[in-house]
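So the protein lines, in turn, are chains G, A and P. Residues 1 to 347 (the UniProt record's numbering) are what the first sequence spells out, left to right. Residues 1 to 326 (the UniProt record's numbering) are what the second sequence spells out, left to right. Residues 1 to 76 (the UniProt record's numbering) are what the third sequence spells out, left to right.
A few of these clues could be false.
Said to hold, decoys possible - Taking lysine to aspartate or glutamate and the EDC-like style, the derived pairs with C-alpha atoms no more than 16 angstroms apart in a straight line are:
| id | chain 1 | residue 1 | chain 2 | residue 2 |
| --- | --- | --- | --- | --- |
| 1 | P | Lys67 | P | Asp26 |
| 2 | A | Lys323 | G | Asp315 |
| 3 | A | Lys6 | A | Asp287 |
| 4 | A | Lys6 | A | Glu322 |
| 5 | P | Lys67 | P | Asp34 |
| 6 | A | Lys6 | A | Glu258 |
| 7 | P | Lys43 | A | Glu31 |
| 8 | P | Lys67 | P | Asp28 |
| 9 | P | Lys43 | A | Glu220 |
Simulated from the structure, these hints should not be mistaken for lab results. Source: prediction; values computed, not measured.
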Amino acid sequence: MTATATILPNRTRRNLTIAKAMAEAIAQEMRRDDSVLVLGEDIAALGGVFGNTRGLLDEFGPARVRDTPISETGFIGAAVGMAAVGLRPVVELMFVDFFGVCMDAIYNLAAKNCYFSGGQSPVPLVLMTSVGGGYGDAGQHSQCLYGTFAHLPGMKVVVPSNAHDAKGLMIRAIRDDNPVIFMFHKALQGMGWLGTVQGSITDVPEDAYEIPFGQAAICRAGNDICIVSLGAGVHLALDAAQSLGEEGIAAEVVDLRTLVPLDRATIIASTAKTGRLLVVDEDYQSFGVSGEIIASVVESGVALKAPPRRIAFPDIPIPFSPALEHPALPSAAKIVATARQIVRAGR
Amino acid sequence: MRPSPKQWLWMYQTMVKSRIFEERIAAAYFEGKSPVFNMANGPIPGEMHLSNGQEPCAVGVCAHLDAGDFVTATHRPHHIAIAKGVDLDAMAAEIFGKATGLSGGRGGHMHIFDAAVNFCCSGIIAQGMGPAVGAATAFKLRNERRVAVSFIGEGAANQGAFHESLNLAAIWQAPVVIVIEDNAWGISVAKAQSTAVPQNDARAAAYGMPGHRVAGNDPEAIFAVAGAAIARARAGEGPSLIEIETHRLAGHFIGDAEGYRPKGEKEALTDPIPQLRAKLLGLGILDPTADRALTDEAEALVDRAISKARAAAYPVPEQAYEKVFA
Amino acid sequence: MIPVVIPADLWEGEIEGAVSAWLFADGDAVRAGDLIAEVMVEKTSFDVTAPAAGILRIRVPAEQPFKRGSIIAAIA
Ligand SMILES: Cc1ncc(C[n+]2csc(CCOP(=O)(O)OP(=O)(O)O)c2C)c(N)n1
Numbered sequence: 001m002t003a004t005a006t007i008l009p010n011r012t013r014r015n016l017t018i019a020k021a022m023a024e025a026i027a028q029e030m031r032r033d034d035s036v037l038v039l040g041e042d043i044a045a046l047g048g049v050f051g052n053t054r055g056l057l058d059e060f061g062p063a064r065v066r067d068t069p070i071s072e073t074g075f076i077g078a079a080v081g082m083a084a085v086g087l088r089p090v091v092e093l094m095f096v097d098f099f100g101v102c103m104d105a106i107y108n109l110a111a112k113n114c115y116f117s118g119g120q121s122p123v124p125l126v127l128m129t130s131v132g133g134g135y136g137d138a139g140q141h142s143q144c145l146y147g148t149f150a151h152l153p154g155m156k157v158v159v160p161s162n163a164h165d166a167k168g169l170m171i172r173a174i175r176d177d178n179p180v181i182f183m184f185h186k187a188l189q190g191m192g193w194l195g196t197v198q199g200s201i202t203d204v205p206e207d208a209y210e211i212p213f214g215q216a217a218i219c220r221a222g223n224d225i226c227i228v229s230l231g232a233g234v235h236l237a238l239d240a241a242q243s244l245g246e247e248g249i250a251a252e253v254v255d256l257r258t259l260v261p262l263d264r265a266t267i268i269a270s271t272a273k274t275g276r277l278l279v280v281d282e283d284y285q286s287f288g289v290s291g292e293i294i295a296s297v298v299e300s301g302v303a304l305k306a307p308p309r310r311i312a313f314p315d316i317p318i319p320f321s322p323a324l325e326h327p328a329l330p331s332a333a334k335i336v337a338t339a340r341q342i343v344r345a346g347r
Numbered sequence: 001m002r003p004s005p006k007q008w009l010w011m012y013q014t015m016v017k018s019r020i021f022e023e024r025i026a027a028a029y030f031e032g033k034s035p036v037f038n039m040a041n042g043p044i045p046g047e048m049h050l051s052n053g054q055e056p057c058a059v060g061v062c063a064h065l066d067a068g069d070f071v072t073a074t075h076r077p078h079h080i081a082i083a084k085g086v087d088l089d090a091m092a093a094e095i096f097g098k099a100t101g102l103s104g105g106r107g108g109h110m111h112i113f114d115a116a117v118n119f120c121c122s123g124i125i126a127q128g129m130g131p132a133v134g135a136a137t138a139f140k141l142r143n144e145r146r147v148a149v150s151f152i153g154e155g156a157a158n159q160g161a162f163h164e165s166l167n168l169a170a171i172w173q174a175p176v177v178i179v180i181e182d183n184a185w186g187i188s189v190a191k192a193q194s195t196a197v198p199q200n201d202a203r204a205a206a207y208g209m210p211g212h213r214v215a216g217n218d219p220e221a222i223f224a225v226a227g228a229a230i231a232r233a234r235a236g237e238g239p240s241l242i243e244i245e246t247h248r249l250a251g252h253f254i255g256d257a258e259g260y261r262p263k264g265e266k267e268a269l270t271d272p273i274p275q276l277r278a279k280l281l282g283l284g285i286l287d288p289t290a291d292r293a294l295t296d297e298a299e300a301l302v303d304r305a306i307s308k309a310r311a312a313a314y315p316v317p318e319q320a321y322e323k324v325f326a
Numbered sequence: 001m002i003p004v005v006i007p008a009d010l011w012e013g014e015i016e017g018a019v020s021a022w023l024f025a026d027g028d029a030v031r032a033g034d035l036i037a038e039v040m041v042e043k044t045s046f047d048v049t050a051p052a053a054g055i056l057r058i059r060v061p062a063e064q065p066f067k068r069g070s071i072i073a074a075i076a
């Protein structure tokens, strides 16, 4: 049930967590290209709060693996400057929720310098940042904010759902000449203390490889309904598709993998095939990813057997209490119930 | 300025209360988190930042404040909340995510708000400084003798909001005191690695305000320096900055294995509570019987808060949609 | 059968550890040195690698407690 486990011939599986896959991708790029360096809070000796830079300090030393002060505006701005003169910084913003203290450096600098300079000054920078809730960390440490970043032009936005994709997308991101926001979901990261969705641990080839941006993955085929999701939502959708399958509803599950660029063609083709669409997004519902996907499908003019639906986080700050947070989050049960309604409505 | 015997006993008992509270919280936090330590599980999910070792900062400062004074704290708020007089029962219930919590379970441990005593805190580094400057400026505008205090960690002194807020406080001559709890670590990053000057009180000069450094995690010295700064603010003489040397006796949060901490560093730190107890016994302000009574009383208050919190009902899911707007 | 043993000196005392995630399923082929499991003891996590190449036979499922020195799997 993995999105894109490619097992090459003559090779046994090697399973990794997303944290380890990200660290391996960065290490391989640092070996290949001296201009790649990593900066952020607690990314050196600690190896990143979420484990995605573990081992890099030992191999590459403190000049290329730099712990920063808690100065996000300063060091993300500095990364833009490094990129302007030929380095390829990989920067960590520990939780995406902290974007509030540094968004200017991200969307007014990193995202616009290429355009403002008429292409003279591209910004090859990766900003990796953790997203997602469900573990009781409350409203300043649990958001996804996919739509916030995808809305603003000039940044590519990547959201892996499994280790295989995380490695290939990270390598692609580092080689990209543009700012790439690499959003990794905490529930998939493979840190025991955050729990780990088993499906995120996948086979990861040793060699460096790229996953192109703008290519969604169809991680389960089906003819009755298209369920589009990203990040942790993909695993909920796969679980739901399994249950739906048992009651005779064949769901197709599309893992977006990148929001910018967005693979509208795959979404539209899948919806055209099934005639039904359900979008699952852990980000806030209004003005975001789910609306964009539904709009794209409707604009394409494909024939729908039932109105498209979405399951997203309601338009409220994320509450702390599990009694409040859990019912507000997308779940496999919600997906099953909604998909069933869509399929019945469209018969 | 030295604490009166009554103030000493309040300071000591408040430190003890805070410590017992956090011991009970830590025990509850570990429930359901073994054998696999998964933050999502147990009666208290999420991150949990304890303040054990840092209690002197809270009591030495809050001894000079009353309910009308405005305090902002950090992700590590319990000791300050307790010293500021936050409702212990409602705070415990909030940390357990219950309907009877200060915020009905919406905020949790990093978002303790008690408007009745003008206390709030948040999880973004240095975020409380702007609001403290603003509240202080409002008090000044209205000719009230109230002050504001913003507690931050030493790691926050490198955040933009720190520098912007100090400058604002100075040009507006706001009755605000910035208190830096310098526990030497910002998660895994040592102060020396992150900060270009050894002491942050030196930075006060750059903003035209007095800066003080208090060594030794010493409640008496903190009381004296904070007392002078708060009196100065109340008298309309402007803002100050105080950096207090304190100790993080545990990990950054519960679950932090602290592999980055040099061997022996933590073991060399002294626990301020037994230290203060010995001092007060020596001064004759406390005797073993009074110590027992103070401790028992603190323990009873904490145990009542924790058991009420455990027994309280969870909010119903629909309540998540309430209070988004006033 | 080569046992996958959690070294008795990996931690101290009577506390129990548990596998937080098996990286391979029972019956999967693994190579010597492959990371096969992550073990958590209270709040510290350790990587467990395969001592030899072969077929993984899981003896202790994820989240089930065991003592240090235990055999958690075998390589056939
Ligand atoms: C703007 C922002 N950046 C990063 C973090 C993540 N973070 C939480 S606590 C912390 C360390 C804070 O250190 P310090 O201010 O010294 O306080 P202490 O934890 O030592 O009490 C960091 C980096 C955050 N909460 N907010």
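Hint check results:
1. P:Lys67 x P:Asp26: This hinted pair is violated, its Cα atoms lying about 21 angstroms apart.
2. A:Lys323 x G:Asp315: 12 angstroms, holds
3. A:Lys6 x A:Asp287: Holds. Lys6 (chain A) to Asp287 (chain A) sits at ~14 angstroms (cutoff 16 angstroms).
4. A:Lys6 x A:Glu322: With Cα atoms ~43 angstroms apart, Lys6 (chain A) and Glu322 (chain A) exceed 16 angstroms; violated.
5. P:Lys67 x P:Asp34: 23 angstroms, violated
6. A:Lys6 x A:Glu258: The given pair, whose Cα atoms are some 38 angstroms apart, is violated under the 16 angstroms limit.
7. P:Lys43 x A:Glu31: 13 angstroms, holds
8. P:Lys67 x P:Asp28: The hint is violated at about 25 angstroms.
9. P:Lys43 x A:Glu220: Cα-Cα ~36 angstroms, so violated.
Hints 1, 4, 5, 6, 8 and 9, counting from the list given before, are not met by this structure.
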